[in-house]
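Protein sequences appear in the order of chains B and P.
Be aware that the first sequence starts at 1, since it is given in my numbering, and climbs by one per residue.
Be aware that the second sequence starts at 1, since it is given in my numbering, and climbs by one per residue.
Possibly wrong hints are sitting among the right ones.
[Claimed, not checked] Facing chain B, from chain P, some residues (calculated, C-beta under 8 Å):
1. T50
2. P72
3. K91
4. C105
5. A114
6. L118
7. R164
Hints were generated in silico from the structure; no laboratory data involved.
Ideal placement from N, C-alpha and C gives every residue a C-beta, glycine not left out.
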Amino acid sequence: MGGNHQDAAVAELSTGGLRNRIYDIVEVRRNRYAIYAALTVGVMLLPAFANNYVMEVFSNAFFYVTLCLGLNIVVGYAGLLDLGYAAFFAVGAYTTGILTSHFHVNFWLTIPFAVGFSIVAGVIIGGPTLRLRSDYLAIVTLGFGEIVRIAARNLKITGGASGLIGIERPVLLGLELSRIQHYYFVFFVLAVVAILISHRLQHSRLGRAWQYVREDEDAAEAMGINRVAVKLYAYIIGAIFGGVAGCFFAAKMTAISPETFQFNQSVLILLGVVLGGMGKIPGVIVGGLVLVLFPEFFRQFEQFRLLVFAVVMLVIMLYRPQGIWPESRQ
Amino acid sequence: MALLEVKDINLSFGGLRVIKNLSFEVDSGRIVSLIGPNGAGKTSVFNCLTGFYRPQEGEIFFDGESMLRRKPHKITQRGMARTFQNLRLFKNMTVLENVMSGMHCRTSAGPIGAVLRLPHERREEAEILRVSEECLDFVGIIDKKDRAAANLPYGDQRRVEWARALATQPKLMLLDEPAAGLNYDEKERLIGLIRRIRDERGVTVLLIEHDMGLVMKVSERITVIDYGEKIAEGTADEVKNDPRVIEAYLGKEEDEAA
Numbered sequence: 001m002g003g004n005h006q007d008a009a010v011a012e013l014s015t016g017g018l019r020n021r022i023y024d025i026v027e028v029r030r031n032r033y034a035i036y037a038a039l040t041v042g043v044m045l046l047p048a049f050a051n052n053y054v055m056e057v058f059s060n061a062f063f064y065v066t067l068c069l070g071l072n073i074v075v076g077y078a079g080l081l082d083l084g085y086a087a088f089f090a091v092g093a094y095t096t097g098i099l100t101s102h103f104h105v106n107f108w109l110t111i112p113f114a115v116g117f118s119i120v121a122g123v124i125i126g127g128p129t130l131r132l133r134s135d136y137l138a139i140v141t142l143g144f145g146e147i148v149r150i151a152a153r154n155l156k157i158t159g160g161a162s163g164l165i166g167i168e169r170p171v172l173l174g175l176e177l178s179r180i181q182h183y184y185f186v187f188f189v190l191a192v193v194a195i196l197i198s199h200r201l202q203h204s205r206l207g208r209a210w211q212y213v214r215e216d217e218d219a220a221e222a223m224g225i226n227r228v229a230v231k232l233y234a235y236i237i238g239a240i241f242g243g244v245a246g247c248f249f250a251a252k253m254t255a256i257s258p259e260t261f262q263f264n265q266s267v268l269i270l271l272g273v274v275l276g277g278m279g280k281i282p283g284v285i286v287g288g289l290v291l292v293l294f295p296e297f298f299r300q301f302e303q304f305r306l307l308v309f310a311v312v313m314l315v316i317m318l319y320r321p322q323g324i325w326p327e328s329r330q
Numbered sequence: 001m002a003l004l005e006v007k008d009i010n011l012s013f014g015g016l017r018v019i020k021n022l023s024f025e026v027d028s029g030r031i032v033s034l035i036g037p038n039g040a041g042k043t044s045v046f047n048c049l050t051g052f053y054r055p056q057e058g059e060i061f062f063d064g065e066s067m068l069r070r071k072p073h074k075i076t077q078r079g080m081a082r083t084f085q086n087l088r089l090f091k092n093m094t095v096l097e098n099v100m101s102g103m104h105c106r107t108s109a110g111p112i113g114a115v116l117r118l119p120h121e122r123r124e125e126a127e128i129l130r131v132s133e134e135c136l137d138f139v140g141i142i143d144k145k146d147r148a149a150a151n152l153p154y155g156d157q158r159r160v161e162w163a164r165a166l167a168t169q170p171k172l173m174l175l176d177e178p179a180a181g182l183n184y185d186e187k188e189r190l191i192g193l194i195r196r197i198r199d200e201r202g203v204t205v206l207l208i209e210h211d212m213g214l215v216m217k218v219s220e221r222i223t224v225i226d227y228g229e230k231i232a233e234g235t236a237d238e239v240k241n242d243p244r245v246i247e248a249y250l251g252k253e254e255d256e257a258a
């Protein structure tokens with residue numbers, strides 16, 4: 001009798017037990033805030049110990065986290081399969097690029113323009129297509145992504161195939177943002193803002209509406225929810241995230257070309273969202289980080305780096321299709 | 001003027017006529033039933049009323065306004081709520097979240113209010129919570145509000161669906177086979193609930209039902225349809241003894257003899 005009891009306790013501890021203990025810790029709000037504070041301190045201290053290359057990698061990581069959070073609103077919250085998200089990122093980057101290099105507009109003023117154009121792009125592509133069921137929506141968004149890229153490659157104002165150069169650096173409170181250390185913090189702040197906005201949206205009337213529409217569109221409609229308007233909101237807000245991230249990307253790179261906004265970019269961002277755990281903010285953050293950091297770890301495999309990356313992604317999706325991040329306790 | 005007026009609606013899918021020249025009225029404050037054998041077109045009538053199907057001909061007036069060309073969410077906003085024959089709860093959400101969906105059309109906070117936590121948004125969230133909990137209490141499952149909807153027994157899931165429809169603060173509730181799958185006690189409670197919905201909340205009720213006992217006990221007026229056409233209408237006693245109704249449910253006598 002006693003023996004059985006002990007075996008059961010050991011089994012509990014090694015499988016469910018450990019997980020439950022982690023849940024117990026994380027569910028207490030003060031503990032969570034402590035974890036966030038520790039992570040933030042870590043991020044602030046890293047530049048003191050790291051070289052420019054590491055700074056570059058982490059800036060990129062924070063940048064992808066922001067993009068993944070934006071796409072998460074479309075795919076994770078509203079359940080809309082978007083295969084052309086890079087288009088919004090392109091709209092933001094080219095808006096800043098054109099306005100600063102051709103018209104010498106102050107960088108910070110280009111952001112409202114980028115937001116405006118992202119909204120327009122969101123409405124143009126979203127309006128007619130959001131009534132479609134998911135497979136068709138996926139193809140149409142893929143098409144739109146390509147249209148934006150090809151337009152950028154062929155228009156004079158976007159610099160054609162060679163793209164734009166001479167994008168001016170932003171000046172913040174007298175400091176010109178030119179070094180990688182600056183962009184490391186800029187993208188970190190952007191990611192934190194994206195996290196906060198996502199969190200507030202998720203736990204709001206609109207966030208619930210997205211979930212209702214995602215679970216059962218017709219039942220949601222019967223409850224008085226305008227499913228087309230709700231989906232359009234997701235699309236537009238996701239577009240704004242992408243557009244604003246694009247502005248800062250243009251400022252950091254000072255040169256952009258259509259090659260950055262190819263279909264595989266959209267796929268990569270989608271991969272980050274799905275891999276980490278669609279709809280869960282911590283999961284999407286992990287997904288974005290994995291996207292950038294794993295290929296760096298795999299440099300040891302030299303030319304097989306991307307192959308190893310692909311295999312790892314495949315294995316994760318096969319054995320954990322719900323994403324890396326666990327579900328919250330029910 | 002009746003709360004709901006249905007006039008000469010015709011609904012066809014391709015060559016199949018599902019509803020033929022159907023007209024009926026529901027007066028405000030009444031409990032009315034729509035009955036008929038399986039396949040008579042009752043749920044199709046509900047789908048027309050709520051905007052999911054568009055009849056090719058006819059008119060539907062709710063509270064004096066035409067509902068014919070309106071989207072379903074607008075019709076719910078106007079005050080017509082429905083429940084589904086096969087429950088359509090939001091399975092992966094809690095009971096409370098399910099009911100809160102009803103209040104969406106009664107509130108307006110958008111993304112900016114949400115992100116900035118404006119006072120308007122906070123007041124609305126408090127109101128949504130209050131109304132949702134009140135509806136859950138009304139149907140008697142407030143103690144289960146934080147459970148996942150999928151984890152509840154069938155009878156409780158039905159109650160969540162009623163609470164959800166009540167949360168839209170309707171003038172008219174369309175109940176599609178509310179007694180399906182319920183045991184005797186649950187059906188008795190359902191009768192009480194339907195009466196309370198009308199008496200305490202002033203909501204008019206139109207229900208589709210197969211349980212004749214329940215229909216006869218609770219309805220003030222019954223409309224009977226068969227093959228998409230109205231074949232009888234009246235009080236429970238009038239309908240019970242109508243030969244056409246008996247024929248529709250039991251089949252023609254000649255068939256039985258042969």
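Do the hints match the structure? See the list:
1. This hint holds: T50/P has a C-beta 6 Å from the nearest C-beta of chain B, less than the 8 Å allowed.
2. Of the supplied interface hints, the one on P72/P holds, with its beta-carbon coming within about 5 Å of a beta-carbon of chain B, less than 8 Å.
3. Restraint check, K91/P versus chain B: the minimum CB separation of about 7 Å is within 8 Å; hint holds.
4. For C105/P, the interface hint holds, the least distance from its beta-carbon to any beta-carbon of chain B being 3 Å, beneath 8 Å.
5. Among the interface hints, the one on A114/P holds; its C-beta lies about 3 Å from the nearest C-beta in chain B, closer than the 8 Å criterion.
6. Interface restraint check: L118/P against chain B, minimum CB-CB distance 11 Å, threshold 8 Å, status violated.
7. At a threshold of 8 Å, the smallest CB-CB gap from R164/P to chain B is about 7 Å, leaving the interface hint in force.
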